[in-house]
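Chemist: Sequence:
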Amino acid sequence: MGAGGFVAGDVKNYPGKVTRHVVNACVLGAMGGLIFGYDLGISGGVTSMAPFLNKFFPDVYRKEALDTSTNQYCKFNDMGLTLFTSSLYLAALIASFGASYITRTWGRKRTMLLGGIIFFIGAALNAGAVDLSMLIAGRILLGVGVGFSTQSVPLYVSEMAPQKHRGAFNIVFQLAITIGIFIANLVNYLTPKIAGNQAWRYSLGGATIPAALICLSALKLDDTPNTLLEQGKAEKAREILRKIRGLNDKEIEAEFQDLVTASEAAKQVEHPWTRILKRQYRPQLTMAVAIPFFQQLTGMNVVMFYAPVLLQSIGFENNASLLSTVITGAVNILATGVSIYGSDKSGRRSLFLSGGAVMFVFQVALAVLIGSKFGTSGDVIELPKWYAGIVVACICLFVSAFAWSWGPLGWLVPSEIFPLEIRSAGQSITVAVNMLFTFFIAQLFLAMLCHFKFGLFIFFAIFVAIMSTFIFFFLPETTNIPIEEMSRVWKQHWYWRRFMPDEDDDRRVLVLMV
1 MGAGGFVAGD VKNYPGKVTR HVVNACVLGA MGGLIFGYDL GISGGVTSMA PFLNKFFPDV
61 YRKEALDTST NQYCKFNDMG LTLFTSSLYL AALIASFGAS YITRTWGRKR TMLLGGIIFF
121 IGAALNAGAV DLSMLIAGRI LLGVGVGFST QSVPLYVSEM APQKHRGAFN IVFQLAITIG
181 IFIANLVNYL TPKIAGNQAW RYSLGGATIP AALICLSALK LDDTPNTLLE QGKAEKAREI
241 LRKIRGLNDK EIEAEFQDLV TASEAAKQVE HPWTRILKRQ YRPQLTMAVA IPFFQQLTGM
301 NVVMFYAPVL LQSIGFENNA SLLSTVITGA VNILATGVSI YGSDKSGRRS LFLSGGAVMF
361 VFQVALAVLI GSKFGTSGDV IELPKWYAGI VVACICLFVS AFAWSWGPLG WLVPSEIFPL
421 EIRSAGQSIT VAVNMLFTFF IAQLFLAMLC HFKFGLFIFF AIFVAIMSTF IFFFLPETTN
481 IPIEEMSRVW KQHWYWRRFM PDEDDDRRVL VLMV
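In this text, residue positions in the sequence shown follow my numbering: the first is 1, and each later residue adds one.
Bear in mind the hints are in silico, worked out from the structure with no lab data behind them. It is possible that some hints are incorrect.
What the hints assert, rightly or not - Simulated restraints on C-beta separations:
1. G128 with N13: 28 to 34 Å
2. G389 with F440: 30 to 36 Å
3. K278 with S346: 29 to 35 Å
What the hints assert, rightly or not - With a straight-line cut-off of 16 Å between C-alpha atoms, the simulated EDC-like cross-links for lysine to aspartate or glutamate are:
4. K233 with E264
5. K236 with E253
6. K236 with D222
7. K243 with E253
8. K17 with E251
9. K17 with E253
10. K236 with D249
11. K17 with D249
12. K250 with E239
13. K243 with E264
14. K55 with D131
15. K164 with E485
16. K250 with E235
17. K233 with D222
For every residue, glycine included, the Cβ atom is placed at its ideal position computed from N, Cα and C.
Start from the sequences and build out the full structure, keeping to the hints where you can.
Modeler: Below, the structure is given as structure tokens:
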């Protein structure tokens, strides 16, 4: 095995069935991913619609529609246009820190509900926008809603799911994101056909539907046993654990007592933000920063944000580019199913590494294909249909690799590695780093495309190679490890064990394989 791997030894194996209650809880909870996915998909399509550009970004509209001599790499390069997209992620970053406190004190389900309500208001503002300031205000509210949802949903699902199926259930969150992206791509493709110059209002206003679904889902959900224990509701926590595991009191006793122990330890921590900086949490903190950082530097969000714009920039017409994003969205959904099946079978590390290898190959392939036709000048030429088809195929293969690896695992792994006393703070850091670099990539991508040209894909390919190396050496396998026992994997890792406290009774779980 690789340097970061090991095999399980005396790992606690809590009993539990895949009950109707746990399926309902995890699937309904994971619907929080719909709002994030819908926004990822809708933004790029809307910014390629001529009526939207003419109303809010007339300079870009004139450059794109009237000046056919403009360099295709640079025609969409406008800081105001990228601010429309990226303002959401800056707001989500800031909101994630407040969401940490609310998640810990109010619970996961109430945080999800609040996020859905705020997102709904932001979507309504965007649909009715009459000027750029109203549009940006709506985007900021959408960002707050996304920050609350991405903070609470992965924690909720990880805490509700049985250990042997935690990966599959948690990846339903990523599946919801991909479904949201696909629906948004479909909406962007269809609305211009039926709504004319107001198509963008229908596209942006459509975000109220997933927001309403999240609110309704949150109202039907039970709190997690962890949340109930933190609130001093021990008997209710036992009842919920018994219901979601489908077992009697005696059968859940071992897991319940470990949850109680973790809860008592968490109550002793008054300042989780200070606690998380302690040396013993260095491995988890490193992953909470590194994994979302690398996730954004795969280049995937560039494809989802700006796929219509990108495809137009390399010669596709508007409708053809929007249709191509529908195709890539469908591929995204199907490939996420590989991760749902494989994360608990093959393990997190193997999916990370295989996905990284495929992404690297097709980032390089895209650079070669685009560079050979447009060179460094970006002059407009007509792409043969077969050649355009190869470009779309490479994008689809890249998207599929991300969808079975860094997409879902970038949310799953950080949500399952923190002990309860710092779990909300740790998830806030994950969300904040994710949104910070999503903001930077969204804000800088069009300028980078203008200056790097086809070399932009090489830029992302280099980072894919770096992140795969990082995973190989530094991420231990977390598959089938109980969430409250996760600290044990670091104690047996070749590098991270030097940061962990020396406790003899915790050394029996895993055997390091270098």
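Chemist: Give me the numbers of the hints this structure contradicts, sorted from smallest to largest.
Modeler: 1 and 13
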